[in-house]
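**Student:** Note that the protein sequences, when read in sequence, are chains A and B. Residue numbers for the first sequence follow the numbering used here, so the first one is 1006 and each next one is one higher. Residue numbers for the second sequence follow the numbering used here, so the first one is 543 and each next one is one higher.
Everything labelled a hint here was simulated from the structure, so no lab data went into it. Since the model is a prediction, treat every value here as computed from it, not as a measurement. Careful, some of the hints might be misleading.
To be verified - When the alpha-carbon atoms are kept at most 20 Å apart in a straight line, the in silico SDA-like pairs for lysine to any residue are as follows: (1) Lys-545(B) to Arg-1046(A); (2) Lys-545(B) to Met-1045(A); (3) Lys-1029(A) to Phe-589(B); (4) Lys-580(B) to Asn-1056(A); (5) Lys-1029(A) to Val-588(B); (6) Lys-580(B) to Pro-1113(A).
Claimed, not checked - Derived list of chain A stretches under chain B, where covered just means 3 residues or more per stretch with a C-beta under 8 Å from a C-beta of chain B: (7) 1069 to 1080; (8) 1113 to 1120.
C-beta atoms are modelled at their ideal positions from N, C-alpha and C, and glycine is treated no differently.
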Amino acid sequence: DAGVIQSPRHEVTEMGQEVTLRCKPISGHNSLFWYRQTMMRGLELLIYFNNNVPIDDSGMPEDRFSAKMPNASFSTLKIQPSEPRDSAVYFCASSFGSLGTDTQYFGPGTRLTVL
Amino acid sequence: AQKVTQAQTEISVVEKEDVTLDCVYETRDTTYYLFWYKQPPSGELVFLIRRNSFDEQNEISGRYSWNFQKSTSSFNFTITASQVVDSAVYFCALSEATETSGSRLTFGEGTQLTVNP
């Protein structure tokens, strides 16, 4: 079975540009998570969806960040406009269930570099 | 608030040595789950184990073993007879099973393990 799929794997862009990261969760999973990993802050949860509905977006840094989940098999994380401090690895994860008790399976990540 | 501490930032061992990675957690809940993930140099996060707060039995999976002690709020991970392929960053994580916490998974800072040949 395919795991969590993320695209692109690497993205290099210039400050001010719009960036869209994509995620396809594991089939049958009903919870989806976006995390950001940086050296300074480690792994931090940005937003969490359950049954395509955003449940907790308290980790989204600011209004420049937005996330959508139009259906059970696709989610996007958009940064507009991007800034150099957004450079990080962005992970998408999915789980079967709506509680933290369920194991989250991570995608390979998207390494974003904003120049 | 929940917190996970991995005090060992980096550990370096020689192949075939045993190594233990420490994890200490803080939570106010009686029901919670603990996890370990491995992040090899390729960057992906690989799930290793999930343990609930009511199961204090130690677990062994091949060369990997986990020691869960509620009395000391610790969930330590031991690799026996380490191999070069074990070189990675290892993360301990905690989740509280409450509606208010949702699915928030709190990660420790990670321990960089280097196994030298």
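**Student:** Now look at each hint and say whether the structure bears it out.
**Tutor:** Cross-check of the supplied hints:
1. Lys-545(B) to Arg-1046(A): Judged against 20 Å, a Cα distance of about 14 Å means the pair holds.
2. Lys-545(B) to Met-1045(A): Distance ~17 Å between Lys-545(B) and Met-1045(A) Cα, so the pair holds.
3. Lys-1029(A) to Phe-589(B): 18 Å, holds
4. Lys-580(B) to Asn-1056(A): This hinted pair is violated, its Cα atoms lying about 28 Å apart.
5. Lys-1029(A) to Val-588(B): 17 Å, holds
6. Lys-580(B) to Pro-1113(A): Given pair Lys-580(B), Pro-1113(A) holds - Cα atoms ~12 Å apart, limit 20 Å.
7. 1069 to 1080: violated (count 0)
8. 1113 to 1120: holds (count 3)
Violated hints, in rising order: 4 and 7; the structure is consistent with all others.
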